[in-house]
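Novice: Each chain is listed here by its residues.
Protein chains: 2
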Amino acid sequence: MKEIRCDVLVIGGGPAGGVAAITAKEHHPDKRVLLIRKEEKQLVPCAIPYIFGDILGSSEKDVMSCAPVEKSGVETMVGEVLHIDKEAKRATTRDAVIFFDKLVIATGSVPFVHPSMKDATKIEGVFTVPKEKETIDRLKAYAETRERIAIVGSGFIGLEIGLEFAKSGKNVTLIDGVDHVLNTAFDKELAAEAEKLAEEAGVTLELGEFVDEVLEKNGRVSGVKLRNGKVIESEMVILATGYKPNTELAERSDIQLTCYGAIWVDEYMRTQNHDIFAVGDCAARRDFITREYSRVMLASTSAAEARAAGTSLYKLKYIKGFNGTIAIFSTVVMDRAFASAGVTEMQAREQKLDIVTGTFTGMNRHPATIPDATRQSVKLIAMNHSGRIIGGQIVGGPEVGELINIVGLIIEAKITIYTLLSLQVATHPLLTAAPTAYPIVKAAESIAKKME
Amino acid sequence: MKEIRCDVLVIGGGPAGGVAAITAKEHHPDKRVLLIRKEEKQLVPCAIPYIFGDILGSSEKDVMSCAPVEKSGVETMVGEVLHIDKEAKRATTRDAVIFFDKLVIATGSVPFVHPSMKDATKIEGVFTVPKEKETIDRLKAYAETRERIAIVGSGFIGLEIGLEFAKSGKNVTLIDGVDHVLNTAFDKELAAEAEKLAEEAGVTLELGEFVDEVLEKNGRVSGVKLRNGKVIESEMVILATGYKPNTELAERSDIQLTCYGAIWVDEYMRTQNHDIFAVGDCAARRDFITREYSRVMLASTSAAEARAAGTSLYKLKYIKGFNGTIAIFSTVVMDRAFASAGVTEMQAREQKLDIVTGTFTGMNRHPATIPDATRQSVKLIAMNHSGRIIGGQIVGGPEVGELINIVGLIIEAKITIYTLLSLQVATHPLLTAAPTAYPIVKAAESIAKKME
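Here the protein sequences line up with chains A and B, keeping their order. Residues 1 to 452 in our numbering are what the first sequence spells out, letter by letter. Residues 1 to 452 in our numbering are what the second sequence spells out, letter by letter.
Hints should not be assumed to be uniformly reliable.
Because identical chains cannot be distinguished in the list, a pair is counted as satisfied if it fits within a single copy or across any two copies.
The list that follows gives simulated cross-link-like pairs (lysine-lysine, PhoX-like), each with its CA atoms no further than 20 Å apart [said to hold, decoys possible]:
| hint | residue 1 | residue 2 |
| --- | --- | --- |
| 1 | K315 | K450 |
| 2 | K31 | K315 |
| 3 | K450 | K320 |
| 4 | K450 | K317 |
| 5 | K414 | K320 |
Worth flagging that the hints you see were computed from the coordinates, not collected in a lab.
Can you build the whole structure from these sequences, using the hints too?
Specialist: Okay, structure coming up:
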């Protein structure tokens, strides 16, 4: 067994591991920081769907650059940690023992497959969407010669992959037990617009009915049977039914997990052993509003956690500014951008939050005669008594990708609709809505009026 | 004389007047709200430069829609108020007397011309850029048959008009006494990129030398002479040297002005007579940071002020959320967007603020192989001791139009760089920078490191 010594060991080369390692090295330049990752080439996770269509076209174009890590002075190695000894402070791989002073676990997440579907994954032609190049390449190669593809799960990954295959001319059916696509992030009236666009792009939607069985014929997948008996024939089935924390190593190493299988951490990403940190999808998150455990998995949240861990390894250097996890997403459906932050109206009502909603629809340029002007709709969700904004959803042009981050900041900074009434924004004919009809302010105004 | 009675009279049909009238009516539906404006057709002010090129191509395409005002139940009339009697609460036009209970003055701004240039404006072929259709149409018609155009002033309007004429194939020279374009909003390293793009588009820059004289030949303008003796021949000269509050009416009516000619108002836009409000460019503004008078003129600030006035006419309904004016701008130079919020580094140093700056350059999509990915640079300016962000500048793709509004909110909400380190943002391959390299967070991080 090879013996390796370092000060800070980071396990995992995804966004969380990379940022944790870089931050650790930048803040502790005298320490030896070592990052160990399972694969030589790591994919940019959220761009995986675009490997299947024209936008990227190949997994090689989605390989995460190692440059930032290498430039920072972090050492890297490829290997799989099989066990962590907390007391002896060492991690063991097949052929090496790595001694560390501080450990950051960033093992990410793996596809979640419903127990009833476990056997189906063994059938030829059935795929999940893990974040590793080899499987993605196999999935892409398999799809190459197939015409009919069924995708189970209408969340971001399922919908994005479905759209890319449909744009490439394949016959795609998107199946989900819930009534609307992007169910966790959008209320039904906004989801309906995404559904219309997806159908126009050639995606067939089968919503509101769960999958009963994945069908097999001659050792290959032949289709999907729904609970109502309907059969969707397909040459290939992709299970895009979410992800779960990849914590087998942690569990095996007796590091405490929470109820949903993620590693327990405090606000500074410390496990119960303060020399061991966990960041990213493998670490437990708490909802910003309810403080309950949250299963939201987001690379940007992972990066924020990784920065907190990297600066807090030897002492708590910075008080954490924002606490808790807000769900904050964006995507593109054909030429429209969809984005969401915080809770949806449906979630708020389920959680019995006393809320008021407001919407505004305008144009994303001004005047509306600007050639690329397109419709932009904002929905805001506020607490009824304080006026504090707890959620928002936007549909519009590509600017929506950053517009939602204004809503995210409003939520994190606990800003109320009243404060927003005097918000000052930069507006420009070629870039934004009109100053007189800035959608976030107008939606806040409509809530203020309803609250009277 | 016709006698008209209303509850709320709004003078001015620009963004400030329109929003004030609509807000007043929405919050006081039983009141009769009357808006009086000078011109039948009001232009969208910030889109005026795009009338001169292909983007709009005609002033008709830049006419502000009356629909929101009309739909709201506000009555409108065309006319010019010549005098206000504060005690009798009446406004007089050429042929009518309007009695009001509450008055909102929103007379906007008019071109500022340096006293030494006053005579030059009388020469044929010399134009200023007022926000009224007739002059804009004359300017456009005059330019139609002219080849060489000199523009004095390299602020937003001067640069934007220069670019539009240059794109139409005209020979444009942009002249300014300051060393860099967009001088009030950008530090020189960012301005330099705008200058390079403008020059590539065919605009000749004459910076760092003031205009001595506008030259005349045969009753028409023939060029501009600089202080260093250099002569720039031109068939047309546009003076884009800023705007000043349009407060002749207020002054004539004995409404108190501040030192720079704007109407004195409190935070709720009340003049010293609480039945009379002033909003928009004609009202005095105070800088967010220094609390000194600020000459920044922005339609979005006007809209925020108008909302404050509209809800505060009869009682202060909402505590004002944000106080003071932050300068917050965006523009487009060829295919790049430039935006700025708060103070520049240069202004901060002039005002002897103890600051630290941080920059980050990355890509606006991730991975960088996404087809429309382009470089995105963020510069942040923070107070050295608290880490509070007081300014930011961004160059990048069109998303910059909303990205700067995140910086604006950070400034207004008094958020520090430490808080930003755990900011959660939505990121998406087709819409934003990578979660691991979100430019606002990375720039904040670079400041944090410098402060140690």
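Novice: My question is about K315 and K450: at a cut-off of 20 Å on alpha-carbon distance, are they close within one copy, between copies, both, or neither?
Specialist: Close across copies (19 Å), not inside one copy (48 Å); limit 20 Å.
Novice: Can you give me the call for K450 and K317, within, between, both or neither, at a CA distance of at most 20 Å?
Specialist: between (44 Å within a copy, 14 Å between copies)
Novice: I want to check one pair: K414 and K320. Are their C-alpha atoms no more than 20 Å apart within a copy, between two copies, both, or neither?
Specialist: both (15 Å within a copy, 16 Å between copies)
Novice: My question is about K31 and K315: at a cut-off of 20 Å on alpha-carbon distance, are they close within one copy, between copies, both, or neither?
Specialist: The answer is within: 14 Å in one copy meets 20 Å, while 62 Å across copies does not.
Novice: With identical chains treated as interchangeable, where does the CA-CA distance between K450 and K320 reach 20 Å or less: within a copy, between copies, both, or neither?
Specialist: This pair counts as between: shortest inter-copy Cα distance 19 Å, intra-copy 35 Å.
The structure is consistent with each of the numbered hints, conforming to all of them.
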